[in-house]
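One-letter residues, chain by chain:
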Amino acid sequence: MTILAVSDGYQSTHTREHMSAPQITTEDREGLTRTLGVGESDVGERPTLSQLRGTIDAEADDSFASMGEAIRAELSGRLDASLLAERREELAAQIERLPEVRNVGIPAGESEPDRLYREVIEPGWDVYHHLADVGFFESVEEALPRFTPDHIETTAHELIRAEPLSGTLSGMGFDEHEQMVLVMNVVNNNTRLARWVPTKDIPSGVGFDVDHVPPLPQRAMGGTLLWVNALDVHLWQSRVLVTEKILDDAFWDTKAMLGGLSMMTEAAHDVAAGESLTDAQLTAALSASAAIMIVNQEEICKDAFWITEEMRAPSKAR
Amino acid sequence: MAIEEDRAIKAAMDTVVRETDNGYRVLGAPEQSVTHQHDIDRIPEFDVTEEMLKGSGDDPEAWLVYGKNYEQHRYTTAGVITPENVADLELEYEMSVGSGSSMEGSPLIVPGDPPIMYQSNGPNHIKAIDPREGDVLWSFTYAVPSDVVLCCDDNNRGPAVFEDKVYMTTLDSGVVALNRYTGEEEWYASTADHESGYSATWAPQVYDGKVFTGSAGGEYGVRGFHTALDAETGDEVWYTHTSPEEEWVGDSIEQSCCTNWMGATVDTEKGRLYLPMGNPGPDFDGSVRPGPNRNSCGTLCLDMETGERLWFFQESPHDVWDYDSACPRVLIREMEVDHREQTIDAVVSAGKTAWSYTLDADTGELIERSQPGVQQLNMYTMIPHIDEGRRMPFMPGAMGGNDWQPPAYNPDTGLVYYKMHNSPQEAWWRFEEYEEGKKYWGGILEDETESIPDGYNGHIGAVIAIDPETGQRVWRDWIDSDIYLWGGILTTSTGLTFAGNQNGEMVGYDAETGDRLWEFDTGETPISGDPVSWYDPGEEKQYLAIQVGGSGWLRRGKRDDRLMVFSMEA
Chain A
64 MTILAVSDGY QSTHTREHMS APQITTEDRE GLTRTLGVGE SDVGERPTLS
114 QLRGTIDAEA DDSFASMGEA IRAELSGRLD ASLLAERREE LAAQIERLPE
164 VRNVGIPAGE SEPDRLYREV IEPGWDVYHH LADVGFFESV EEALPRFTPD
214 HIETTAHELI RAEPLSGTLS GMGFDEHEQM VLVMNVVNNN TRLARWVPTK
264 DIPSGVGFDV DHVPPLPQRA MGGTLLWVNA LDVHLWQSRV LVTEKILDDA
314 FWDTKAMLGG LSMMTEAAHD VAAGESLTDA QLTAALSASA AIMIVNQEEI
364 CKDAFWITEE MRAPSKAR
Chain X
478 MAIEEDRAIK AAMDTVVRET DNGYRVLGAP EQSVTHQHDI DRIPEFDVTE
528 EMLKGSGDDP EAWLVYGKNY EQHRYTTAGV ITPENVADLE LEYEMSVGSG
578 SSMEGSPLIV PGDPPIMYQS NGPNHIKAID PREGDVLWSF TYAVPSDVVL
628 CCDDNNRGPA VFEDKVYMTT LDSGVVALNR YTGEEEWYAS TADHESGYSA
678 TWAPQVYDGK VFTGSAGGEY GVRGFHTALD AETGDEVWYT HTSPEEEWVG
728 DSIEQSCCTN WMGATVDTEK GRLYLPMGNP GPDFDGSVRP GPNRNSCGTL
778 CLDMETGERL WFFQESPHDV WDYDSACPRV LIREMEVDHR EQTIDAVVSA
828 GKTAWSYTLD ADTGELIERS QPGVQQLNMY TMIPHIDEGR RMPFMPGAMG
878 GNDWQPPAYN PDTGLVYYKM HNSPQEAWWR FEEYEEGKKY WGGILEDETE
928 SIPDGYNGHI GAVIAIDPET GQRVWRDWID SDIYLWGGIL TTSTGLTFAG
978 NQNGEMVGYD AETGDRLWEF DTGETPISGD PVSWYDPGEE KQYLAIQVGG
1028 SGWLRRGKRD DRLMVFSMEA
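These protein sequence lines are chains A and X, in that order. Our numbering puts the first residue of the first sequence at 64, with every later residue one more than the last. Our numbering puts the first residue of the second sequence at 478, with every later residue one more than the last.
In case anyone wonders, no lab produced these hints; they're calculated from the structure. In this text, all values refer to a predicted model and were calculated from it rather than measured experimentally. Ideal Cβ placement from N, Cα and C applies to all residues, glycine included. There could be a bad hint or two in this list.
Beta-carbon label-pair distances, calculated as ranges [said to hold, decoys possible]:
{"id": "1", "chain 1": "A", "residue 1": "E122", "chain 2": "X", "residue 2": "G932", "range": "48 to 56 Å"}
{"id": "2", "chain 1": "X", "residue 1": "W955", "chain 2": "A", "residue 2": "E103", "range": "49 to 57 Å"}
{"id": "3", "chain 1": "A", "residue 1": "N166", "chain 2": "X", "residue 2": "E527", "range": "50 to 58 Å"}
Below, simulated EDC-like cross-link-like pairs (lysine to aspartate or glutamate); rule was C-alpha separation at most 20 Å, straight line [to be verified]:
{"id": "4", "chain 1": "A", "residue 1": "K379", "chain 2": "X", "residue 2": "D815"}
{"id": "5", "chain 1": "A", "residue 1": "K379", "chain 2": "X", "residue 2": "E818"}
{"id": "6", "chain 1": "X", "residue 1": "K487", "chain 2": "X", "residue 2": "E672"}
{"id": "7", "chain 1": "X", "residue 1": "K747", "chain 2": "A", "residue 2": "E185"}
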């Protein structure tokens, strides 16, 4: 694959810094402490999950536990544990490969783009199709409530407490800072997440043709895959607009979405194999993974697809 | 015979287009289509051949396809009217077409002695006219079913001709073929169920024995398609859904919209069609249709023989502002792109985003995106939703930028000429009842905004010239009015560009500079039609014709039913 030049003056070799998660702002930290009910002194300049784990209430939420139990009961025997485990490993390998993909930036190809970003999500498609085939998305949506401040707060608590999930993300190549950013995606986006209403909660009699609206977790995972899927053709066709910043932002947004996808895969695997997560943590993993995928698909849209006049690379023709 | 006695005109006049909560309804149409013949012997009988259609662009006596040529240049080689004499251009006559409904069309001119004009307007009314005298030779009104629903007026934007037939799309999502000498119906083909929200308003394209026609209903939860019909029989040759299954989540594709509600551009050399693509569905609630929502809001290239999707370029991914990209695509062959040291066939168009896009016709690669034609304020900002209290005006509004208004390309100046809106709107997202065939915005759109964006210059529209190679905006004529700017543009080999506007002005611009060289006041009604021009050797005159009357669904101004014909002697 060829590294194609883009035109906003960035160097063609990228440092790790360019490809990292966004900085955590003061506003982010304030939102975090408010939602978790912890003191500002408990959250330093660069908060981490392990640091927070020691400061939050350790008591599990009963309603989360019963939701997780219901999901396990509903999906028992329907999921293919070995397929999910294999694809989870393949996803990890693809996420690890993302810096290399970022260094290519824009796919090569004479008459159409090479498969660059599309390769990254191949295992993700397998997971998606399997989950869709067994009714996973419908079952999860049925069991979980819509995103409300209370639900998000509890999700955040359980997520932070769930060391196995943190371990999964570490295994997927997310460092402590990146893990924290993913948690903040969940914690600090009440309003945005509230816009994404589970199909079952679209008001009675005023919904869309509900038969044609997929369940919320499917929209989260399917949307994630479609955004990454479209990067090849979008970046290749619109290269005259693309800057290094756009590619950097797309890198993180992609990685974050795939972090969410991996977390949902892990949760599905846990249902199939019944091993490491408590029922409450399972609920949190499913909610949080959907939230991460939702927030970051809105981010990649703004960062890499809606290219305004201010964002675009300068024209070479004028 | 006076047109007052014409039964087809009477039928069209009796047809009422009523705005309802669910869009426009067509009421009182005849139960059966009506043809009324006058002096049809005046129509010279010969086949309009494919060679004639392909040569329409270079033929100063002809306007045989919607955009003058298949490349949609709207460029006439008739050379009588020049920048030096345009000030003397005079009205030859004006005629009432009898039905003062939507007047957004492009008439066609079949050369001959006399030439024959085929002119259509809403609601599905078409005539053969002797344009020397303004005499109606036959007229036809289609029997539009009363349960048709239309988002945006009862438009018909023009016919197509081939051999002995003239073709018109019908508001109930069909195509009707008429004998072009008699006005009698030859065949009718339905392309989709209008009760599900489908309709058809554009000029079809005819080439290689096929009629190419698309789909409308993007505010009614339909799934868009393009189809080819046998020009002789109306039988379906191929049918292609515009949105690919693999690029939508689950069943959201069933109400994905992605309609193509203006005609295709026909690439006779590559055997391809370039389609303008409309919004995804629902318009404003993106959460029920995650992902980029391909193939909405952009340009779709199809193989003309099979309907296979070849490439798609998207202008507004995951659109939530109703940023259709509707204007006909301009195909420029062998365009030299100096800064890339390339010569390419280019597909050029502007969408509601207000940028002009120059694409490689082979691949869909973006060669250049222009400077904005009009203002972009609060653009690409997620609209508020669910709680209705928050409103945010954005520009371009949901009307654009460039909506359906067909542009023109002048190979001598190298410029593409557009008409664009420049007005804010507000939208927000809330749950709204969906029923099959009912309007399906998935939110609310407000044309009367609570506030205006900082920096808005107050001009409601503009006529703009853009260099498709560099994207440079070369000139711009701002238009002030309370009414929206509709209709197409015409440009000439002598260096003129003509456009009507909503203030009733017909304007002749210097194509290079945008200077107004000629203005004609047609009265108080807006001009919503597309100017067409031809040279008549029998009269030794160059003519210029345009339909006059307010059209559209918002701020359209007063209705009218005039066809105005200007002329200049050679």
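Now for the hints, and whether the structure bears them out:
no., hint, in the structure
1, A:E122 - X:G932: 48 to 56 Å, "holds (53 Å)"
2, X:W955 - A:E103: 49 to 57 Å, "holds (53 Å)"
3, A:N166 - X:E527: 50 to 58 Å, "holds (52 Å)"
4, A:K379 - X:D815, "holds (10 Å)"
5, A:K379 - X:E818, "holds (12 Å)"
6, X:K487 - X:E672, "violated (26 Å)"
7, X:K747 - A:E185, "violated (34 Å)"
The structure fails to meet hints 6, 7 from the earlier list, while all remaining hints are met.
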